[in-house]
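Asks: Now for the letters of each chain:
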Amino acid sequence: MNKQNLFFAALAALMFTSCEKTEIKEVEKIVYADQAGSLALTFDARYGESDFELNKRYPYQLVNASGTYDLDFEFNRLRYWVSNVKLVDKDNKEHAIPDSYYLVEETNEIVVPHLVNGEKYPATKREEVMIKEIPFGEYKAIKFSIGVDQKYNDNITLTAGELGSLNGMGVSDGWMWFTSYKFLTLAGTIHWADGAPTSKAMSWETGSNELFDGAEKTIELATLLKVDAQNSAKITLDVNVKELLSATDQPWTNNSISQSKKELMIAFRDTFLSKSLTFKEAGSVSVEAN
Amino acid sequence: MSVKLRSKHITGVFVLLVGLFGVLSCSKDDDLPITGEEEIPFAFRQPVFFPKAVESAIDPKTGLPSNPLTKTGAELGRRLFYDPILSANKQVSCASCHHQSKGFSDGVAITTAGVSGKPLERHSPTLINLAWTDKGLFWDGGSTNLESQAFGPLTHADEMGMYLPVLVERLRADATYVELFHKAFGELPSEHRTAMALSQFQRMLISADAPYDLYRRGEQLDALSADQLRGLNLVRQKCGSCHAGELFTDNDFHNNGIDDDFSDGSHEGIYWGRYRITYNPLDLGAFKTPTLRNVMVSAPYMHDGRFKTIDEVLNHYRFDIKDTPVTASVLYQNNDRAGIPMTDKEVEDIKSFLNALTDETFLKNREFSSPFK
Numbered sequence: 001m002n003k004q005n006l007f008f009a010a011l012a013a014l015m016f017t018s019c020e021k022t023e024i025k026e027v028e029k030i031v032y033a034d035q036a037g038s039l040a041l042t043f044d045a046r047y048g049e050s051d052f053e054l055n056k057r058y059p060y061q062l063v064n065a066s067g068t069y070d071l072d073f074e075f076n077r078l079r080y081w082v083s084n085v086k087l088v089d090k091d092n093k094e095h096a097i098p099d100s101y102y103l104v105e106e107t108n109e110i111v112v113p114h115l116v117n118g119e120k121y122p123a124t125k126r127e128e129v130m131i132k133e134i135p136f137g138e139y140k141a142i143k144f145s146i147g148v149d150q151k152y153n154d155n156i157t158l159t160a161g162e163l164g165s166l167n168g169m170g171v172s173d174g175w176m177w178f179t180s181y182k183f184l185t186l187a188g189t190i191h192w193a194d195g196a197p198t199s200k201a202m203s204w205e206t207g208s209n210e211l212f213d214g215a216e217k218t219i220e221l222a223t224l225l226k227v228d229a230q231n232s233a234k235i236t237l238d239v240n241v242k243e244l245l246s247a248t249d250q251p252w253t254n255n256s257i258s259q260s261k262k263e264l265m266i267a268f269r270d271t272f273l274s275k276s277l278t279f280k281e282a283g284s285v286s287v288e289a290n
Numbered sequence: 001m002s003v004k005l006r007s008k009h010i011t012g013v014f015v016l017l018v019g020l021f022g023v024l025s026c027s028k029d030d031d032l033p034i035t036g037e038e039e040i041p042f043a044f045r046q047p048v049f050f051p052k053a054v055e056s057a058i059d060p061k062t063g064l065p066s067n068p069l070t071k072t073g074a075e076l077g078r079r080l081f082y083d084p085i086l087s088a089n090k091q092v093s094c095a096s097c098h099h100q101s102k103g104f105s106d107g108v109a110i111t112t113a114g115v116s117g118k119p120l121e122r123h124s125p126t127l128i129n130l131a132w133t134d135k136g137l138f139w140d141g142g143s144t145n146l147e148s149q150a151f152g153p154l155t156h157a158d159e160m161g162m163y164l165p166v167l168v169e170r171l172r173a174d175a176t177y178v179e180l181f182h183k184a185f186g187e188l189p190s191e192h193r194t195a196m197a198l199s200q201f202q203r204m205l206i207s208a209d210a211p212y213d214l215y216r217r218g219e220q221l222d223a224l225s226a227d228q229l230r231g232l233n234l235v236r237q238k239c240g241s242c243h244a245g246e247l248f249t250d251n252d253f254h255n256n257g258i259d260d261d262f263s264d265g266s267h268e269g270i271y272w273g274r275y276r277i278t279y280n281p282l283d284l285g286a287f288k289t290p291t292l293r294n295v296m297v298s299a300p301y302m303h304d305g306r307f308k309t310i311d312e313v314l315n316h317y318r319f320d321i322k323d324t325p326v327t328a329s330v331l332y333q334n335n336d337r338a339g340i341p342m343t344d345k346e347v348e349d350i351k352s353f354l355n356a357l358t359d360e361t362f363l364k365n366r367e368f369s370s371p372f373k
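As they're listed, the protein sequences go chains Y and G. Using the UniProt record's numbering, read the first sequence as starting at 1 and increasing by one per residue. Using the UniProt record's numbering, read the second sequence as starting at 1 and increasing by one per residue.
Treat the hints as calculated values from the structure; they're not laboratory data. All residues carry an ideal CB built from backbone N, CA and C; glycine is no exception. Be a bit skeptical, because a hint or two may be false.
To be verified - A few chain G residues facing chain Y, derived, Cβ under 10 angstroms:
no., residue
1, D140
2, G142
3, F151
4, A173
5, E268
Stated by the list, open to error - Straight-line Cα separation of at most 20 angstroms, EDC-like style, residue types lysine to aspartate or glutamate; simulated pairs:
no., chain 1, residue 1, chain 2, residue 2
6, Y, K143, Y, D213
7, Y, K151, G, E169
8, Y, K151, Y, D228
9, G, K322, G, D264
10, Y, K120, G, D59
11, Y, K261, Y, E210
12, G, K135, Y, E210
13, Y, K262, G, E268
14, Y, K125, Y, E210
15, Y, K120, G, E169
16, G, K90, Y, E119
17, G, K61, Y, E133
18, Y, K261, G, E268
19, G, K118, G, D158
20, Y, K90, Y, E210
21, Y, K226, Y, E133
22, Y, K151, G, E55
23, G, K61, Y, D99
24, G, K61, Y, E119
25, Y, K90, Y, D228
26, Y, K200, G, E169
27, G, K61, Y, D149
28, Y, K275, Y, D238
29, Y, K143, Y, D44
30, Y, K261, G, E169
31, Y, K151, G, D134
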């Protein structure tokens with residue numbers, strides 16, 4: 001290459017570099033459109049063998065060291081952040097899904113507690129998360145965390161995926177005193193005929209950066225899951241709320257779990273991950289059929 | 001570039017074409033509704049002798065500070081700070097409890113100026129040199145940064161009581177705000193940009209022009225009297241472990257011996273101080289060290305405003321520090337007994353010096369005042 005050509009090449013490179021950000025973005029988009037599929041991830045809430053419904057009393061026999069007790073649980077809210085989704089391919093390579101933050105919830109209308117105007121957070125049911133930009137491939141497992149990692153948890157003005165204070169577990173309808181996200185919430189009423197009073201509000205919550213460590217769940221799929229131009233994927237997980245109640249054997253006493261009870265928060269989180277959340281089914285769906 | 005350009009016509013045309021191509025190919029991305037002028041970062045003042053200011057949190061997506069200061073951003077923040085549209089009943093602004101003339105505190109122990117009219121649970125803190133606050137906001141440090149902190153008073157039932165979706169609706173229905181958010185962020189108004197703009201304005205609230213500063217920078221060597229110089233030495237010696245350095249605060253949390261009973265866990269642990277955040281027993285009753293800058297105009301004092309005057313504060317440190325297992329060890333200056341020994345004369349010198357931390361330039365700076373007046 002003579003000097004002049006070298007100069008032209010360098011100049012062209014310089015021009016290209018000055019636009020590098022734009023160029024790369026566009027290229028990425030094109031690549032994704034051609035080589036990425038989608039995955040519908042469903043969190044199917046149930047109570048034991050029944051469908052999970054809000055505002056319905058479920059009998060629960062509590063057995064602990066003091067005896068056996070017949071309680072009823074009635075729920076008005078189940079919510080959690082699903083984040084940092086990764087798919088593990090058949091060669092054990094992990095593919096992290098960018099900006100994967102999703103709020104899964106089933107909640108009654110909530111009167112926002114700190115208002116003078118009586119605004120309400122609307123009743124919401126959302127169990128399915130549609131994940132796009134899944135690189136084509138065959139996958140054997142999916143990983144995700146329950147909660148929000150520190151970099152976003154410490155600054156709720158940063159947006160990614162569904163994160164943001166307008167969403168239910170930020171601050172719009174439930175103040176956390178350290179301005180960060182609640183990770184997992186189960187709320188309602190505990191009824192106990194022999195109690196005094198005979199019912200109590202129940203509010204179990206987790207949050208804080210410390211709780212994010214250890215909040216990852218790996219779901220092994222029964223068979224390899226194919227994502228390609230012809231097939232999108234579907235994974236369904238069970239979320240058994242009855243199992244979740246075993247986080248404590250003293251629910252009447254521990255009707256409130258939050259920041260001040262770290263051990264119970266951890267137990268609540270771990271019960272969700274290890275007992276409540278289980279694999280149900282997975283499969284590929286023809287894109288045309290969709 | 002080491003290649004020597006010869007005056008060849010063809011080369012010139014080629015360079016022109018390549019250059020034009022480069023400009024055009026970039027123009028799409030640059031076609032944002034932000035002018036070059038508005039993108040220029042606001043010249044942030046980094047006073048000599050101050051430590052390096054804390055930048056906004058890194059945005060994980062870009063690897064850059066998530067809320068860089070811009071002129072338009074800070075000006076938007078200033079307007080929002082003074083605008084009662086941010087409160088549920090449109091009667092309360094940030095400035096309702098943060099008065100510039102009082103170092104952005106409010107002169108009362110516990111305010112009732114919020115939307116509910118109910119007394120708050122803590123004293124309104126000053127807003128001074130917040131760009132250096134690196135260990136958390138609020139008296140207990142419960143908020144990691146200014147951006148997240150903004151949502152506290154905005155949404156608190158007894159402060160501004162705002163439901164954020166309503167805030168966004170209001171701002172988007174206001175043509176002026178639509179334009180200002182567009183200029184500052186290239187976006188429609190949103191709750192997170194509101195918090196970012198407020199943070200930008202608050203990072204600009206820099207106090208570094210008190211007589212002490214003029215003396216410190218050598219700009220006016222007689223800015224401090226002999227009494228004040230003695231007071232400066234006494235403050236450095238007796239108070240400097242917490243009210244440290246040029247900021248006159250370590251921005252940290254200490255139990256300064258004002259209480260000896262921390263059994264009341266009501267109101268979500270409001271009386272526990274830093275402990276409600278960390279659940280570290282050593283943090284019981286620990287609160288953030290306020291800066292001494294503008295201290296003589298920002299009475300009353302402590303997290304609950306219990307001391308009405310600076311004399312009460314100094315008397316506390318001389319005579320009334322409670323000896324508890326969690327009282328800060330630096331307060332045991334009295335032959336290992338609780339208390340900071342000071343003679344009456346020393347108290348007078350200290351007070352004299354504290355007056356030299358009153359920064360009239362800051363307290364009267366028009367750029368920090370209401371843009372509505």
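Asks: Would you mind marking each hint as holding or not holding in the structure?
Replies: Here is how each hint holds up against the structure:
With its C-beta approaching chain Y no nearer than about 8 angstroms, G:D140 sits inside the 10 angstroms limit, and its interface hint holds. The interface hint given for G:G142 is met, as the beta carbon of that residue sits about 4 angstroms from the closest beta carbon of chain Y, less than 10 angstroms. With a least beta-carbon distance of about 5 angstroms to chain Y, the hint placing G:F151 at the interface is held under the 10 angstroms criterion. Annotation: interface hint on G:A173 violated; nearest CB of chain Y at approximately 15 angstroms, more than 10 angstroms.
A least Cβ separation of about 6 angstroms between G:E268 and chain Y falls short of the 10 angstroms threshold, and the interface hint therefore holds. Annotation: proposed proximity of Y:K143 to Y:D213 holds, straight-line Cα distance about 14 angstroms (limit 20 angstroms). With a C-alpha separation of about 28 angstroms, the suggested pair Y:K151 and G:E169 falls outside the 20 angstroms cut-off, and the hint is violated. Between the alpha carbons of Y:K151 and Y:D228 the distance comes to roughly 33 angstroms, so the proposed pair goes past 20 angstroms and is violated.
For the proposed pair G:K322 and G:D264, the alpha carbon gap of about 17 angstroms is at most 20 angstroms, so the pair holds. For a cut-off of 20 angstroms, the pair hint linking Y:K120 to G:D59 is broken: about 31 angstroms separates their Cα positions. For a cut-off of 20 angstroms, the pair hint linking Y:K261 to Y:E210 stands: about 13 angstroms separates their Cα positions. For a cut-off of 20 angstroms, the pair hint linking G:K135 to Y:E210 stands: about 17 angstroms separates their Cα positions.
Of the supplied pair hints, the one linking Y:K262 and G:E268 holds, its CA atoms being roughly 15 angstroms apart against a limit of 20 angstroms. Between the alpha carbons of Y:K125 and Y:E210 the distance comes to roughly 28 angstroms, so the proposed pair goes past 20 angstroms and is violated. Taking the CA atoms of Y:K120 and G:E169, the gap is near 15 angstroms; set against the 20 angstroms cutoff, the hint holds. Restraint check: the Cα-Cα separation between G:K90 and Y:E119 comes to about 15 angstroms, which is no more than 20 angstroms; the hinted pair holds.
For the given pair, G:K61 sits about 17 angstroms from Y:E133 by alpha-carbon distance, which is consistent with the 20 angstroms threshold. Restraint check: the Cα-Cα separation between Y:K261 and G:E268 comes to about 12 angstroms, which is no more than 20 angstroms; the hinted pair holds. A distance of roughly 6 angstroms separates the Cα atoms of G:K118 and G:D158; the hinted pair therefore holds under the 20 angstroms criterion. Restraint check: the Cα-Cα separation between Y:K90 and Y:E210 comes to about 32 angstroms, which exceeds 20 angstroms; the hinted pair is violated.
Restraint check for Y:K226 and Y:E133: satisfied, since their Cα atoms lie roughly 14 angstroms apart, inside the 20 angstroms limit. Distance hint between Y:K151 and G:E55 is fulfilled; the C-alpha atoms sit about 14 angstroms from each other, no more than 20 angstroms. The hinted pair formed by G:K61 and Y:D99 meets the criterion: a straight-line CA distance of about 9 angstroms does not exceed 20 angstroms. Among the hinted pairs, G:K61 with Y:E119 is inconsistent with the structure: their alpha-carbon atoms are about 33 angstroms apart, more than 20 angstroms.
Between Y:K90 and Y:D228, the direct Cα distance comes to roughly 14 angstroms. Compliance with the 20 angstroms bound is thereby established for this hinted pair. About 37 angstroms separates the Cα atoms of Y:K200 and G:E169, which puts this hinted pair outside 20 angstroms; it is violated. With a CA separation close to 14 angstroms, the supplied pair G:K61 and Y:D149 stays within the 20 angstroms bound. Distance hint between Y:K275 and Y:D238 is fulfilled; the C-alpha atoms sit about 10 angstroms from each other, no more than 20 angstroms.
For a cut-off of 20 angstroms, the pair hint linking Y:K143 to Y:D44 stands: about 17 angstroms separates their Cα positions. A distance of roughly 37 angstroms separates the Cα atoms of Y:K261 and G:E169; the hinted pair therefore is violated under the 20 angstroms criterion. For the hint pairing Y:K151 with G:D134, the CA-to-CA distance comes to about 15 angstroms; that is within 20 angstroms, so the pair holds.
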